[in-house]
Structures are given as C-alpha cells and as structure tokens.
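Sequences and hints are given; from them, build the entire structure.
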Amino acid sequence: MYRYLAWTGVAAVLCLVPFYLDGFWLQTGLFAMSAAIGAIGINLLTGATGQLSMGHAFFLAVGAYAYVFFSAEPTERLGGLGLPTGIAAVLAVLVAGVAGGLFSPIAGRLKGAYLGIATFALIFGGQHVLFNAEHLTGGFNGRAVPELDLFGFSFGDTPELIVLQVPFGTLERLWFLGLVLVALSMAFAQGVLKGRPGRAMNTIRDHEIAAGVMGVPVARYRAGVFVLSSMYGGLAGVLLALVFQRTVPEYFGVLLSLDYLAMIVIGGLGSVGGAVLGALFVSLLPQLLTKYSDSIPLVAAPGTPGGVSPAEAARILYGAAVVTVVLFLPGGLLGLIRKIRIRPPRLRLPLSPPSPSPETRSPHVP
Amino acid sequence: MSPDRKAAVVIAALALAVSACASDKATGGAAPATATGGDGVKTGAGVTETTITLSLLTDLTGPYASLGKSVTQAQQMYFEQLNAAGGICGRTIETVVRDHGYDVQKAMAAYAEVAPRTAAIPQFIGSPMVTALKEKITADKILTLPNAWATSLLGSDAIQVTGTTYDVDMINAVDFLTKEKGLKSGDKIGHLYFEGDYGESALNGSKFASEKVGLELVEQKIKATDQDMTAQATAFKKAGVNAILVSVGPRQAASLVGVALASGLDVPFVGSNSAYSPLLLDTPAAPALLKDYYVATAGAPISAPLPVYEKLIKDYEAKFPGEPLDSGVASGYTQAVIIGDTLKAACAAKDLSREGIIKAHRTQTAWDGGFGGTPQDFSVYDKPASLSTYIVKPDKAAIGGSVIFKEHTISDLAKEYQVPPPA
Amino acid sequence: MTTFVELLVNGISIGAVYALIALGFVIIFKATEVVNFAHASLLLAGGYLVARLWPVVGFWAALLIGVAAAALVAAAIEFLVIRRANVASHSVLAIVTIGVDIVITTELTRQIGTDVLAMGDPWGSEVVRFGGVTLAETRIVALVTAAALITAFLLAFKYTGWGVAMRAAAEDAETAALMGVRLGRVSMSAWAVAGGLAAVAALFLCVFPTPGLDRSTSLVALKAFPAAILGGLDSTTGALVGGLIIGVTESMMSGYQNDMAFLGRGIGDVAPFLVMLVILLIRPAGLFGTKELARV
Chain A
1 MYRYLAWTGV AAVLCLVPFY LDGFWLQTGL FAMSAAIGAI GINLLTGATG QLSMGHAFFL
61 AVGAYAYVFF SAEPTERLGG LGLPTGIAAV LAVLVAGVAG GLFSPIAGRL KGAYLGIATF
121 ALIFGGQHVL FNAEHLTGGF NGRAVPELDL FGFSFGDTPE LIVLQVPFGT LERLWFLGLV
181 LVALSMAFAQ GVLKGRPGRA MNTIRDHEIA AGVMGVPVAR YRAGVFVLSS MYGGLAGVLL
241 ALVFQRTVPE YFGVLLSLDY LAMIVIGGLG SVGGAVLGAL FVSLLPQLLT KYSDSIPLVA
301 APGTPGGVSP AEAARILYGA AVVTVVLFLP GGLLGLIRKI RIRPPRLRLP LSPPSPSPET
361 RSPHVP
Chain B
1001 MSPDRKAAVV IAALALAVSA CASDKATGGA APATATGGDG VKTGAGVTET TITLSLLTDL
1061 TGPYASLGKS VTQAQQMYFE QLNAAGGICG RTIETVVRDH GYDVQKAMAA YAEVAPRTAA
1121 IPQFIGSPMV TALKEKITAD KILTLPNAWA TSLLGSDAIQ VTGTTYDVDM INAVDFLTKE
1181 KGLKSGDKIG HLYFEGDYGE SALNGSKFAS EKVGLELVEQ KIKATDQDMT AQATAFKKAG
1241 VNAILVSVGP RQAASLVGVA LASGLDVPFV GSNSAYSPLL LDTPAAPALL KDYYVATAGA
1301 PISAPLPVYE KLIKDYEAKF PGEPLDSGVA SGYTQAVIIG DTLKAACAAK DLSREGIIKA
1361 HRTQTAWDGG FGGTPQDFSV YDKPASLSTY IVKPDKAAIG GSVIFKEHTI SDLAKEYQVP
1421 PPA
Chain C
2001 MTTFVELLVN GISIGAVYAL IALGFVIIFK ATEVVNFAHA SLLLAGGYLV ARLWPVVGFW
2061 AALLIGVAAA ALVAAAIEFL VIRRANVASH SVLAIVTIGV DIVITTELTR QIGTDVLAMG
2121 DPWGSEVVRF GGVTLAETRI VALVTAAALI TAFLLAFKYT GWGVAMRAAA EDAETAALMG
2181 VRLGRVSMSA WAVAGGLAAV AALFLCVFPT PGLDRSTSLV ALKAFPAAIL GGLDSTTGAL
2241 VGGLIIGVTE SMMSGYQNDM AFLGRGIGDV APFLVMLVIL LIRPAGLFGT KELARV
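These protein sequences, in sequence, are chains A, B and C. When the letters of the first sequence are read in order and numbered with our numbering, they come out as residues 1 to 366. When the letters of the second sequence are read in order and numbered with our numbering, they come out as residues 1001 to 1423. When the letters of the third sequence are read in order and numbered with our numbering, they come out as residues 2001 to 2296.
No lab work stands behind these hints, which were simulated from the structure alone. Please note: incorrect hints may appear among the correct ones.
Stated by the list, open to error - So, partial list: chain A residues that the calculated Cβ filter (under 7 Å) puts toward chain B:
| # | residue |
| --- | --- |
| 1 | Glu73 |
| 2 | Phe155 |
| 3 | Arg246 |
| 4 | Glu250 |
Said to hold, decoys possible - With a straight-line cut-off of 27 Å between C-alpha atoms, the simulated BS3-like cross-links for lysine-lysine are:
| # | chain 1 | residue 1 | chain 2 | residue 2 |
| --- | --- | --- | --- | --- |
| 5 | B | Lys1141 | A | Lys291 |
| 6 | A | Lys291 | B | Lys1291 |
| 7 | B | Lys1291 | B | Lys1393 |
| 8 | B | Lys1181 | B | Lys1393 |
| 9 | B | Lys1393 | B | Lys1184 |
| 10 | B | Lys1406 | B | Lys1396 |
Just so you know, even glycine gets a beta-carbon here, dropped at the ideal spot from N, CA and C.
Printed below as a string of structure tokens:
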C-alpha cells in the first residue's frame, strides 16, 4: 500500500519538474535519464552476469547514429532513409542489438577481463568508422538529429505548446518521454532479473562451471545478455541524440565507457535500482560542483587561480567514490540506502549480495 | 481506499498545488521580452541596468588546458580594464567561466546553464563542442567567438570565426613554400593532420593548393593520442616529399620535425597555428623546431611591434608574472577586444539585446583594432573574415617564442579558393 | 625495402616498450588475477618524478627514484585497495583500479598543468645509421633494456624462490598458502615490480622522438592492453610477443597508410585492436595463455 503511495509521489514530483526548473536542469536530468537506461543495460551484463564491457559507448553511438540515419531525409552528401521518426527510433535500438549480436562470437566465448579488453576494440574501431564513413555519419561534423514525432506529437520546439502557462519546448517534452523510457527500461530489466534468466545469469557470474552443469547454456546466455545490454545502450543513445540535437563522434570514446562502469559500481552491482542511482550520481555530481563552486570550500571557481577546479574535484570525487564503495559499501549506494532503512519500495531486488565461492575469490585473501 | 484511488487523490492534490504555486516559468508562453531601460538602451537576456554578462566556455582541465588558461586570463584582464575605464553603456562587464574539459556533454551542460543569462560568448574552445551546439547558438542568437578555425563553423549568423580558417592558412603556406622555398609543380608535399575538423579543414586547403600548383599531396592522418611520429616521418621519406605541412598538436609537430631531421629528411615544414607552442623550446625538440619550421597564422605573433601588443605584454606580465605569453594570450585578447568593440557599437546604436549585438557586430566591415594584418570583414558569415596569413618562425629569444618571418599576405591562390559549403 | 626495414625495426623497438608495460599487467594478473587499469597512472607517476627530479639530482638518480616511487605507489594500491576489497568478481576489482587511476591521474595532470617536461636523458636526439636505416639511440637503449628486463624476469620466474612462490600462488592460492607461501607478500611484490616496469616504460615513451612528458602521456598505456591480451594475460612470453606484434602492426600500418587508404586513413591506431580481435577469435585465451580446463 505504502509502496504505491510512495511511487505515485515520486512519479508526481518528477512530472512537476519541467514546470519549475529551467533548461539547464532539464538537460542535466535528461542526460541522467539516458545514462540510467545505458547503466541498466551494462549492469545486466557486468553486474549480473560478470562480463566486463569497456565498449558500451560504442552501442550508444550505434543507437544515436542509426536513429539519425533512418530518420533523416537523404541529401547530396549524407545518406538517410527518411523513415517516420518513431519507427527510426525502434529500428535504431534493434540495430544496436544486431551490432551486439555480431560481436557474439567473441562475447560468448570470452569472459571477464579478456572480454573487457576485447571490447576496447569496439570503441577504437567504432570511432574510426564514425570519422571515416562520412556518407553515413557526417564524419567529424556529425549530423543534425531530426526531431522525434510520435503519432503527430512533435518533441521539438514547434508547434508552440503551453501547459498550465508554462511554455513546453524540446526539453520539457523530452522530459516526459525520458521518464516513460526509464520506467519501461527498469520494468523490463526487473522482469529479466527476477525470472529464470536472471538466476541463470547470476549463476554464470558466481560459478560458471556449476551453471553449465545445471544445464544453463553458458555461451548462449553470455551472447544473449550482451545483445540485450547493447540494445539498452542503443536506446540510451537515441535519447541522448534527441537531447543533443547533433551527434558528434568525439563523444563516444573510452571515457564514456568507463563512466558507465563507474556508475554501476557506485550505484550497486547487479540491480536495476543501483544502476539508476549510480547514473544519477555520476551525471549530476560535476554539474552540481560547477554550479555551486563559489560556495564549496577548497573548490575554486573555474578561471580563478589556486585550489582544485570543479571539474578536477568532480573527477577525484568520482574516482574516490568507486574505490570507497568497493572497500566499504558492498552493494553500492543502493545497499547503503537499504541499510539505513529508507527503503525505496520495489527497488528491493531478488539479488542477494553474491556469496563468494572459492574459485572466484581473490587468491590472496586467505 | 484502493491504491488506485489513493494515487488519484494524490495526483489531484498535486495538480492543485501546481496551479497554486507560481512557477517562474509560467510566462504563458510569451517570449522573454526585450526591455528598454531608463537610459533609452534596449536590453535583452544577459544585460541588466548595471551589468553585461559574458560567458567564457573554455577547457582548463582537458587537452587544450594550456590554451584555455592563456585565453581566459587574457580575456578577463581585458574586461577588467574595460570596467576600470567605465564599462559599456554605464554597465560593468561580468564574466562567467565554465570549464568543459573538452567534453561535448559537459560543454552542452555548461552552455545550457549559462545561456539564459549570457549576452555574448567571447571564447568557446573546441570545434566539436561548438559544432554540437551550432543549432542552439544560432537559435538563441548569442554572438559566439569560437577559439577554433574550422570551416565547419562558418555559416551561422551568431558564430564569428575570427581571422582565417585553417584551410586558408594552408593555402597561403603552400604559396609561401613555392615562392620562397623553391617548391614547384611536380614536387611532392606531405601533410600530417589530426583526425577531426581541425586537421580535415586544413587538408581541404592543402588539397586545393596542391592541385592548383601541380603538387602531389602525400597524406598522413593521425589521432590526438599518437605521440611518436617515427612511422609517419619514414613514410614521408619513402614518398620523397619536398616540404611538409603540419596540422596536429605541438607535441606531434615536434616529434615529426625531430625525427625527420634526425633521419635525414631535411625539408621545410609549415604548421597550422595550433601546431606550435613556445613551451616546446625548453625541450630537446628545440633545435629541430628552430631550424626550418614555420607557422602560418592569421594573427600577428605577440612579439610584433604593435602598440596594442606592447601594452598587452606589459599588463599581462604584471598581472600574471611568469606565465607564458603564447599565441593563446594574443588570440584571446584579440577576441575580447572584438567583443568589446562590438558592444561599444551596440551601445552607440542603443540596442544591447542579443539581436542588437549581432547586428552591431555584422556592420563592422573592416575591423582592425590595432592588431595588424588585413582588416577583418564581419559582415559575412559564410566566408572567413580574412584571407591574409602571417608566416612566423620559432625564436627562443622573442616574447611568445616566435617572430614574424614574412609579413601578412593574401596569396592569389587564396583569393581563388571557395570555402566548401557548410554541412 | 629500406623503408620496410626501417618501419620494422622501429616497430620492434616501440613494441619492446609496450612489452614492458604489458609484462607489468601480466605479472599483476598472475599474482592477483586483477587486470590493472591503474597502470597508466603508475606510468605517469614514475615519469613525472623523473622529469621533475633530474634537474636536482641528475638523471640516473632521478630514474632510480622514479622507478622506486612507482613501485611504492603500486605496492600501496595493492595493500590499501586490492587486498581490502572483498568482492566476488574480478571484474569489480578491475573497475576499482579504474577508480584509482582516475584519482591519481587527475592529481598528476593537475601538477603537470600545461607543461611539457623534458626527461634529461643522456641520449638526446642522436641517431644511428645501419646502411640506409636510421634508428634513434633512445630506441636502441629501449630495446636492449626491455630485452634485458624481460629475460631477467623469465629467469627469475623459473629459478628464484620468489618466482616459484609466485607460480605456486597463481596455480592454486590456497594450497600455496598451506605450503607456506605468504600470499600477501607475493602479490605486493608483484605489484611493486609492475610499477617499476611502468616507470621504465614511461622514460622511453617520453624521450626522443617525443618531446617530453605531458598530461597525455598516460594514454599510451592503452596500447599495451591489446598487447597483454593477445599474448595471453598469464604468460610472460606472451607479453613480449604481444608487445612486438602491436608495435610492428602499428608502425607498418601507419607507414603504409597511403597504400591502404581504402581502409580509411588513420588505420594505424585501430589496427592493433583488430589484430587482437582476430587472435582472440582463434584462441580465446591469447597466443600463449593457458586455456582454462574445468574438470567437473
């Protein structure tokens, strides 16, 4: 009962946000929502199945660029299919999944660190393609992203839309789309984790051989989760492209991939709520530090000499957060919240913290 | 009460709350109006009765941190001086600095944060970032001066690329090589360039010029993360190039020149304006750079005998003792002066709204500001504001580490050149 | 032909530096089964100290201090972070090292600021000519040093007590501990050795033909990842071979860029990763890595 009430409250507050906060916060919030969707995806792969991926940014790029390609009208220099934007968005997510599937000969056979480093190749190869396949990607210029139009409702600035005296532009409209997408992504991932697949994935992570013995097709599961996580990455990419309004190849690099890994560790590995919390933390921290740099001790406003700049402070804090969480907060921020009993309902997940089996425990911890 | 009904009640209550609490955003959809102040000056976003807010979107923690620091300090110094001299239209200039660390998403966030209270942007580092925001800047009508000279940045009323673009510099560089370094039709010319808009804009110029002159172009593309140019130098040597153009970072330029000379590839090099830093003269790369390396740049080096530079050097050294007086100081200061002059013109026209600022800027057809070079034409935005390039040479004794080698000229090649249409 | 030989020799010499970094990964992985993404920051830390100290204490002393300091930092990471992290999956430990890397690298780049720091090495920009082939002296020194260090480690693994303890720990940690191998000491020493190797690699990455150390130097460590993986993460021979393969691939692909323009320009940076993927497709544990056998 309380659970429903609390969730209704959260939903209502989130729905109110665009009526009060300005473009900066809406944009930051949308970045966080996109990050949340992507983080859920990589948490399924890395957190729940134990497969390390450093290539998540590649799938965001696939989603973003595929959406642009499918929806844009072709011009002399740039290709495009001019499909309805809604269909283009769905196709973009599917294409990201296909891209993940093409990698499955590797994703299915390699595990852990080997897969992590192998996925580096996706980032470097992917950026190479983004820069060189100019007809598809616009090269270094990137491409303008067509506005999304769903059933006649445009997620752009025109036609003018005023709700309760508040003008609704691109960001306000996308905000609600983002909320819906995040909710659907969470629900779906929750379903996967709670059901048979989730148990199989955790078994693969905790004890691969046992999983095989119990009849879990390990390689097929690994490849499948990789595809699913790629599709989440693709969806995050589509949302990001809509907020960016222009795709640029520089963005989809190694740092973005590392951000995603940091998110799931900070938030809590293997759970949907953890991924969302981590995404919020990593996306909001630098913005908060920059915006309020004047009032935080030890942090200097940008452009003034002395002190640590907000950008540096944010990076150090976020690196330190990763380390601190692993050392002192098993379960991440989500675990912390549970511990202090402000329990967000429904975020309670079927994943008990994995019990280390002898094979996977660090050998130097006797 | 069932959960559903409870939820319905909550939502109804909240909806009431919405209509009750006034939101700042509840303007009923009227566009943020321009106002006319008591002094008869029309004002818009970023301008109040007492202040004009300018935003510097810079890189203080990423790969262009050294440039960002110099540009930011020089610009803040100029605006402080402007304020000390009475400001603009009786208003003081306030600068807001935002560091995006050369990250597109952070730059977009920074822009979204400062844009609503910004009158103009005298500094925006990073062409990927400006490219990503091009549509928004154009729609918001905020006059923006990018610290990047890629042709892809042309074509927006609100964005002013100062001086030449990279391609024009490279065309003038080829002209310089043919006139003074004996490069002739049938020769080969190498071009080492970065992946991305900087290198590839420059490549457009070298392609055009080598075709016109009848040179064979040998391309080598690298990424910003590459450090060691041995393989590239070997490839140039194998191709037998007679001169090399360099559109990469200072580190890569130093590596290429050093390796080439050491392995017996003794040809002249001309770099783009971002391919040199005086800091390199303190490293073992110095002798190679001092030998036969030149830089093609639209702005005069800070060592040029111009009164405005002499004052800049004096003031800057007094305010930031020990800081390098590199090209960033000169270019940042120049851009700040352009914004200052534009604001003065806008003030004279009694219109400090964003549209008014752009209009005032675009009426300047021959801006000079005492910085030497050919006057810049700000009335068009689909062509570079200037076509004239200085050839400068590294010099350890000079302030800023470089001196004019050849005065500014517009080559005939550059006059013929048509900038590729924006994407 | 001269070009080919020159590119090959250059590839081998830069590959030897990659091999030094990769050897560090391998040693750490053997001892603790952690993939150390903080290696880039160890490299930067060692290089930074050498660059800052040589004007004060002279080059050789600075190098010694740099190597020792990087070893110390690495040992500290092992002692303070890795040993205390009680997590189930090694993927998580790998992510922790990313966190460590971010903290150290951010602080170091803040210290380095906008400078380009010379290393003060005695070789300068001298080159040696063999026939038509020129090779930088620094690269010859790098090759010799790397070969010597790698040989020393191969021998140490085989014949010293430390090597035996390390191999025993890698084989079966619990049994080794029961037999009297002090696992903590083994893993800490492995980290220290890897740190020292990274500092030596940093030296060779910042001398001619590059102008010096700056904030972007640590990015080169990324190239040693494919080297370590394609040789096999648990094989020291693999690190050597992997480093050489990556170095030669990169050098050849860049040098013959014009003949391979159809692949898109700038393929030299991507090629090492493509080679890695092909090798992993054929041998998922790398060229020399031990294939994990599970007996159920």
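Inset, instruction - Go through the hint on Phe155/A and say holds or violated, using the shortest Cβ distance to chain B against 7 Å. - result: violated (15 Å)
Inset, instruction - Starting from Lys1406/B, check that the Cα of Lys1396/B is at most 27 Å away, please. - result: holds (18 Å)
Inset, instruction - Have a go at the Glu250/A hint: is there a Cβ in chain B nearer than 7 Å to its own Cβ? - result: holds (4 Å)
Inset, instruction - Verify the proposed pairing of Lys1181/B with Lys1393/B, using a straight-line Cα cut of 27 Å. - result: With Cα atoms ~14 Å apart, Lys1181/B and Lys1393/B stay inside 27 Å; holds.
Legend entry - When the least beta-carbon distance from Arg246/A to chain B is tested against 7 Å, hint result: holds (5 Å)
Legend entry - 27 Å Cα cutoff - pair Lys291/A, Lys1291/B: violated (47 Å)
Legend entry - Proposed proximity, Lys1393/B with Lys1291/B (alpha carbon, max 27 Å): holds (9 Å)
Legend entry - Given pair status - Lys1184/B, Lys1393/B, alpha carbons within 27 Å: Status holds; Cα separation ~22 Å.
Inset, instruction - Given the hint that Lys1141/B pairs with Lys291/A, test it: the Cα-Cα distance must not exceed 27 Å. - result: Roughly 23 Å between the alpha carbons, so the hint for Lys1141/B and Lys291/A holds.
Legend entry - Hinted contact Glu73/A with chain B - closest CB pair below 7 Å: Cβ of Glu73/A sits 14 Å from chain B, so the hint is violated.
When held up to the earlier numbered hints, the structure conflicts with 1, 2 and 6 and fits the remainder.
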